[in-house]
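Novice: Each chain is listed here by its residues.
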Amino acid sequence: SQQGEEDPQALSIQEGENATMNCSYKTSINNLQWYRQNSGRGLVHLILIRSNEREKHSGRLRVTLDTSKKSSSLLITASRAADTASYFCATDDGGFKTIFGAGTRLFVKA
Amino acid sequence: DAMVIQNPRYQVTQFGKPVTLSCSQTLNHNVMYWYQQKSSQAPKLLFHYYDKDFNNEADTPDNFQSRRPNTSFCFLDIRSPGLGDAAMYLCATSRDWQYDQPQHFGDGTRLSIL
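Going line by line, the protein sequences match chains A and H. Using our numbering, you'd call the opening residue of the first sequence number 1 and step up by one each time. Using our numbering, you'd call the opening residue of the second sequence number 111 and step up by one each time.
Keep in mind that the hints are not guaranteed to be accurate.
[Stated by the list, open to error] Chain H stretches covered by chain A per the calculated footprint, using a threshold of three residues with CB under 8 angstroms from any CB of chain A:
hint, segment
1, 144-153
2, 199-209
3, 212-220
[Claimed, not checked] Within a straight-line C-alpha distance of at most 20 angstroms, the following computed DMTMM-like cross-link-like pairs (lysine to aspartate or glutamate) qualify:
hint, chain 1, residue 1, chain 2, residue 2
4, H, LYS154, A, ASP93
5, A, LYS97, H, GLU167
6, A, LYS70, H, ASP210
7, H, LYS148, A, GLU5
8, H, LYS154, A, GLU5
9, A, LYS97, H, ASP163
10, A, LYS56, H, ASP210
Derived from the structure by calculation, the hints contain no laboratory data. Backbone N, C-alpha and C define an ideal beta-carbon position, used for all residues, glycine too.
Full structure from sequences and hints, please.
Specialist: If you want it as structure tokens, here you go:
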């Protein structure tokens, strides 16, 4: 069963612009994670935000979590061509299992 | 560098011919996972090992089996591959079976079925 759903499914922006991706989920969670997947490669963990946190930063990444709306957003500032990838949110199922959403495909044009 | 390595990167097999995919890790993590990922879809968990304890997902077909002979290695066996099994297979590890453990992925094996 899919817990998280990303929006939009695909996003195309110019280098230097900001990219925002959203994730909605259905049931209560302990934490939410974001992963990046370059074409033909494995997933790379970007950031984890716990259910009692509202915002977290890591370099050019900013993640917010709104548990009342069951949603999270990932903001990538000053995008680069190298940021072109698929981005997945992942939530727990209330227990220890991680469930991935279908991802947002980001294309950054140089 | 500590990492998760999958071999081979690309595997072609015939319909119905058994195939084995391998994964090794140097992270000394307790948990190893196998995911199936089809084009533009979410990775789907097939099963995981916590140490030597095997945990199968309810909807994983019987056609899929796994072995973990030691901490470092894990294998995915597909006994009779069908056309619907063509996919990217991802191996991942985590230090422990906890909800706040990030997973470390290999680069996957892309399986094609002729």
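Novice: All the hints need checking, so say for each whether the structure fits it.
Specialist: Outcome of the hint check:
For the segment 144-153 of chain H, the proposed coverage by chain A is satisfied: 4 residues have a C-beta within less than 8 angstroms of a C-beta in that chain, meeting the threshold of three. Evaluation of the coverage hint for the segment 199-209 of chain H: fulfilled, as 5 residues show C-beta separations to chain A shorter than 8 angstroms, against a requirement of three. Only residues whose C-beta sits within less than 8 angstroms of a C-beta in chain A count toward coverage, and the segment 212-220 of chain H has 8 of them, enough to reach three; the restraint holds. Between H/LYS154 and A/ASP93 the alpha-carbon distance is near 14 angstroms, which keeps this suggested pair within the 20 angstroms criterion.
Straight-line distance between C-alpha atoms of A/LYS97 and H/GLU167 comes to about 11 angstroms, which keeps the hinted pair within the 20 angstroms bound. Taking the CA atoms of A/LYS70 and H/ASP210, the gap is near 18 angstroms; set against the 20 angstroms cutoff, the hint holds. At most 20 angstroms may separate the alpha-carbon atoms for a hinted pair to count; H/LYS148 and A/GLU5 meet this at roughly 16 angstroms. With a C-alpha separation of about 14 angstroms, the suggested pairing of H/LYS154 with A/GLU5 holds against the 20 angstroms cut-off.
Of the pairs offered as hints, the one joining A/LYS97 and H/ASP163 holds, with about 15 angstroms between alpha carbons and a cut-off of 20 angstroms not exceeded. Of the pairs offered as hints, the one joining A/LYS56 and H/ASP210 holds, with about 15 angstroms between alpha carbons and a cut-off of 20 angstroms not exceeded.
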